[in-house]
Amino acid sequence: METRIIWISFLVLLGVIGGFYFLFPRISRSGLLFGVYVGEEVSKSEAARRITRSWYLGMALWLAAAVALALIMGLQYQSVPGSSAALFLLPLGFLEEYLRAYWRARKLARGRAAPLAAAVILTEEPKPLFLPYMAMGFGLVGGLYSIGYAWSHYAQLPDLVPIHFGLLGQPDSWRPRSFSTVMMLPTMCLVMGVGIAGMAYLIGQAKRAIRYGDQGVSFEAQQRFRRIMANFLAIVSLLLTGMLTILSQSSIEVGLRRAQALSPAMMMLTLILVIFALAGSIYIAVRYGQGGSRLEKSAADRPLTDGLADNRLWVLGMFYVNRDDPSLFVERRFGLGYTINFGNPKAVALLGGFIGLIILIAIIAKFAS
Amino acid sequence: MMVVIERSLDEPVYEQIARQIRECVASGELSPGTPLPTVRVLASDLGVNLNTVARAYWMLEEEGFIRIRDRSGARVAAPARKPAGDRERLRQELRETLARLRQAGFTSEDLHRLVEREIASLADGRDK
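Respectively, the protein sequence lines represent chains A and B.
Take the first sequence: its position 13, counting from 1, is numbered 13 in the numbering used here, and each next residue is one higher.
Take the second sequence: its position 34, counting from 1, is numbered 34 in the numbering used here, and each next residue is one higher.
The reader is advised that the hints may include incorrect statements.
Unchecked claim - Reference excerpt, derived from the structure (chain B facing chain A, CB under 7 Å, subset only):
| no. | residue |
| --- | --- |
| 1 | 1 |
| 2 | 3 |
| 3 | 4 |
| 4 | 5 |
| 5 | 6 |
| 6 | 7 |
| 7 | 9 |
| 8 | 32 |
| 9 | 34 |
| 10 | 42 |
| 11 | 43 |
| 12 | 44 |
| 13 | 45 |
| 14 | 46 |
| 15 | 50 |
| 16 | 97 |
It should be emphasised that the hints constitute simulated quantities derived from the structure, not laboratory data.
Each residue gets a CB set at the ideal place from its N, CA and C atoms; glycine is no exception.
Work out the full structure, taking the sequences as your base and the hints as a guide.
In structure tokens, the structure reads:
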């Protein structure tokens with residue numbers, strides 16, 4: 001029963017990820033084509049449409065291959081790892097199709113002059129964002145509470161503690177008690193909660209890319225997109241902190257044999273988190289478009305400015321590298337959301353530190369077991 | 001207001017930033033007390049070095065167009081009530097500009113019209 005639920009989840013996830021990939025060309029800002037700034041007119045030309053059509057066809061084949069792999073592995077071999085391989089196949093296909101389209105789009109951008117850089121000076125400062133601060137505070141409190149709770153109950157825990165739970169919250173894997181095994185989840189709660197909230201705050205300050213001579217339309221669209229992305233991530237952080245805090249406490253309770261399974265509140269919060277994250281991303285993509293592209297349609301023929309329009313500052317259309325630019329986060333050229341400025345050592349250290357901490361926790365947990 | 005940087009120009013980037021802010025202050029588009037973005041925000045939006053924007057702000061402060069306070073950042077300054085101490089220097093700059101315009105073929109009449117038009121546009125901006 002459980003294997004079947006996991007297998008169905010794989011198929012649903014494949015559909016959602018595939019659906020997202022298919023949305024990307026439709027939500028890109030005008031002038032950008034698969035990570036290349038080709039100009040507003042060229043991006044609507046027949047040559048650009050040919051590249052996009054070929055990308056859709058390629059992605060459809062990759063999605064079909066991934067679904068077929070998941071079905072064969074699931075139906076024929078009842079293999080969960082085999083089915084999960086389909087989840088890796090799809091991003092691989094996406095990368096292959098993206099790079100192919102990218103190289104073709106580059107040919108359309110040849111001979112473009114360096115773009116203008118432009119910024120808007122507001123006569124009134126926009127209201128500061130409240131949710132990212134709240135999420136950071138909540139992440140800190142939730143993480144420290146989880147660590148304190150695990151610490152204070154460590155001595156009472158039996159020799160074997162649960163380290164994995166099934167879909168219904170029943171423990172299905174036990175390991176000998178060790179400090180790192182018990183502390184892994186609360187530490188993860190602190191790192192993830194504060195880390196994602198911190199990203200939400202920084203996205204609220206991200207670089208703005210506007211269009212020249214558009215009477216402020218693209219600026220307004222950018223502001224709204226930036227705020228919605230920052231608030232969305234802050235809510236994800238709030239839900240995640242809540243879920244991991246309850247999970248940490250609940251797993252200690254199960255370890256102490258005070259409970260048979262994880263708290264239903266945790267299961268409910270996990271479901272809410274997954275639905276919110278998926279539905280929220282789809283809503284932002286469809287309603288706002290990347291960088292607010294769907295709100296700036298009336299100005300879509302005006303030229304993009306600055307880093308977003310400067311092909312020399314992008315490696316493969318994915319990595320923004322500008323040593324002069326103090327920005328930490330910049331708008332993605334293809335996809336949804338933001339990426340970091342790889343030319344800024346602070347941004348690289350921030351991302352590297354966050355990923356490094358998560359890997360470190362995972363390694364400690366592995367060695368502890 | 002929008003600050004636009006053209007890297008293909010001979011004019012340095014800090015001078016382009018300062019010139020555009022100066023023009024907006026003079027025309028009244030940016031009124032006294034209006035906060036300017038922090039050096040970091042403007043540098044980030046323009047994709048230029050922090051020092052470039054800082055240099056433009058220092059220059060504008062020296063010329064009396066903006067005031068820089070550590071806590072509240074930079075704000076547009078009110079025009080000086082009395083003529084500034086460097087009045088003689090400004091008069092000299094005006095003379096040099098007029099001389100260049102004469103050299104470029106402007107007649108005295110053209111110069112009168114030009115100066116009157118510029119003064120009128122500044123007054124219009126301040127009345128907005």
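How the hints compare with the structure:
With its C-beta approaching chain A no nearer than about 5 Å, residue 1 (chain B) sits inside the 7 Å limit, and its interface hint holds. Taking 7 Å as the C-beta cut-off, the interface hint given for residue 3 (chain B) holds, the closest approach to chain A being about 5 Å. Taking 7 Å as the C-beta contact cut-off toward chain A, the hint placing residue 4 (chain B) at the interface holds, the least distance being around 5 Å. With a least beta-carbon distance of about 4 Å to chain A, the hint placing residue 5 (chain B) at the interface is held under the 7 Å criterion.
With its C-beta approaching chain A no nearer than about 6 Å, residue 6 (chain B) sits inside the 7 Å limit, and its interface hint holds. The beta carbon of residue 7 (chain B) is positioned within 7 Å of a beta carbon in chain A (closest approach about 6 Å), and the interface hint is therefore held. Hint on residue 9 (chain B) is violated. Least Cβ distance to chain A is approximately 10 Å, over the 7 Å limit. Evaluation of the residue 32 (chain B) hint against chain A yields a violated restraint, the C-beta minimum of about 12 Å exceeding 7 Å.
Hint on residue 34 (chain B) holds. Least Cβ distance to chain A is approximately 5 Å, under the 7 Å limit. This hint holds: residue 42 (chain B) has a C-beta 6 Å from the nearest C-beta of chain A, less than the 7 Å allowed. Below 7 Å, beta-carbon pairs count as interface contacts, and residue 43 (chain B) has one with chain A at about 5 Å; its hint therefore holds. Because the closest C-beta pair between residue 44 (chain B) and chain A is about 4 Å apart, less than 7 Å, the hint holds.
Proximity of residue 45 (chain B) to chain A holds as hinted, the smallest CB-CB distance being about 4 Å (cut-off 7 Å). Annotation: residue 46 (chain B) was flagged as interfacial toward chain A, and the flag holds, the nearest CB pair being 5 Å apart, inside 7 Å. Evaluation of the residue 50 (chain B) hint against chain A yields a held restraint, the C-beta minimum of about 5 Å falling below 7 Å. Restraint check, residue 97 (chain B) versus chain A: the minimum CB separation of about 27 Å is more than 7 Å; hint violated.
The structure fails to meet hints 7, 8, 16 from the earlier list, while all remaining hints are met.
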